[in-house]
Amino acid sequence: MRNKIAEKMLEKKDMIFEIFEFSQKRIREVGEENVYDFSLGNPSVPSPDSVSETIHLLLDELKPLELHGYSPGKGIADMKNAVAMHLNQKMGAHYGPEHIFPTLGAAGALAHALRTAANPGEEIVTFAPCFSEYEPYTAGAGLKLTIVPADTEHFQIDFEAFDAVMNPNVAAVLVNSPNNPSGVVYSTETIMTLARKMREKETEYGHPIYLISDEPYRDIIFKGTDSPYIANYYDNTLTCYSYSKSLSLPGERIGYLAVSPECEDGEMIMAMCSQVSRMIGMNGAPSLMQRLIGRIEGQTADLSVYETNKNLLYDALTSYGYSCVEPGGTFYMFPRSPIPDSMKFCHDAMKEDLMLVPGDIFGCPGHFRIAYCVPTQKVKKALPVFRKMIECCQE
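Residue numbers for the sequence shown follow our numbering, so the first one is 1 and each next one is one higher.
No wet-lab data here; the hints were simulated from the structure. Watch out, some of these pointers could steer you wrong.
No more than 27 Å apart at the CA atoms, straight line, and that leaves these computed lysine-lysine pairs for DSS-like [to be verified]:
id : residue 1 : residue 2
1  : Lys25     : Lys74
2  : Lys351    : Lys12
3  : Lys344    : Lys8
4  : Lys90     : Lys223
5  : Lys351    : Lys25
6  : Lys388    : Lys351
7  : Lys144    : Lys201
8  : Lys63     : Lys74
9  : Lys380    : Lys25
10 : Lys197    : Lys144
11 : Lys201    : Lys4
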C-alpha cells in the first residue's frame, strides 16, 4: 500500500515553488530585468571568501578518507567544539560539545527535535504566521500541529489564544524568531512571558514541555532590535540552527541541534538523536561541511544588504499606503493585503510580473510575504509596481 500521508500531500502543492517556477517562465519570455521575483527565500549575497579558501585548505591538508568518509554518528568533534565555544562567547551560554548534534540544516535539526521531544499522537503548538513546512514536518513524525492565531497588530504572541490551546497532550512549543514570514523578532518580554507560562503548564501537567526554537535567521538582525537568545530563558530548549542564511550555504545543508545544558533529560535526548537519524535515514551531516564549520564558525556573509533592502521597501510601501509591521530581522516582510483576499492580490500581482506569496499558506490570510533577498537595484525598480498595485486596489 502507498503511504497515505505522502499521497495526501500531493493535493496541497508547494505554492512558493509554483510561483517561483512561474517567474522563471516569465523570465524566459520577457527577460530577467522585467520580472520582480520576491517569492523564494534564497540568499542573494555570496558566501564569504573564507568558505572557498577553507575548503581548499581542507582538501590540501586532509586525506580523502578523512574528508569524504562517514562522520561519527554524533558528529565531528571540531564542529561540535567550535559551535559550543561560539554560543558560549556570543550568547553567554555554557554549552559543551556534548550538547551539539550536527544535522542537515535547520530542517534536519527540526526532524530530530520533534522526534526526541514528542511521541506520535502528541501535540506541537506553534504560532501564526509560521513556516508552511511545519505542517509536513510534524505530520511526518505522526504529531498533531496546533497553530495559535496571529497577533496581527505586532506579530508577537497572543497569550490569551496560547492559553486556550494548551492541554496535557502538548509535548512541545515550536517558535521561529526571527520569523519567516513576518521578519518580526520576539522580544525579551515575549520570551520571558512564554517561558513563565510554559513552566506553569509543566507543573500543572506533570511532564516537561520542550521549547523547540527554530533559528535559521538568527544572524540577520537589524539595528536596534531586541533579540534574546531563547535558550537562556527556558531550560528545556532545543535550538535548531542552519548556516544556509548566515553563510549563504543553502545548498550544502549544514546546521545543528543544540540541547540546553539545563534541559531535563538532555543527555538522553542527545543520545536519542543518533537513533532518530537511523529512524529517518538521515545518517550524518556532510563531513566536509562539518569540518568547514569547525574552522570558520562565527563568520558570516555580508548580510548588510538585507537591512538596506528592508529600509527601502518598508519606507516606500508604508508611504504608498500599505500597512506593515516593521521587520526586525530576516529578509522577509509581511504587509497587509490592500484587499481582504490576499490570494487574489498576489494573483493580480503576477499579471504585473511581481511575484509575492499569499499569507494564507503561513496561517495568516489577508497578508502577503515579500522575500527581499534580491539585488538592491531590483528592489528599487520594483517600487513603482508595488505603488501601481495599491493604487489599482483603491480605485
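Hints not upheld, ascending by number: Hints 1 and 11 not satisfied by this model.
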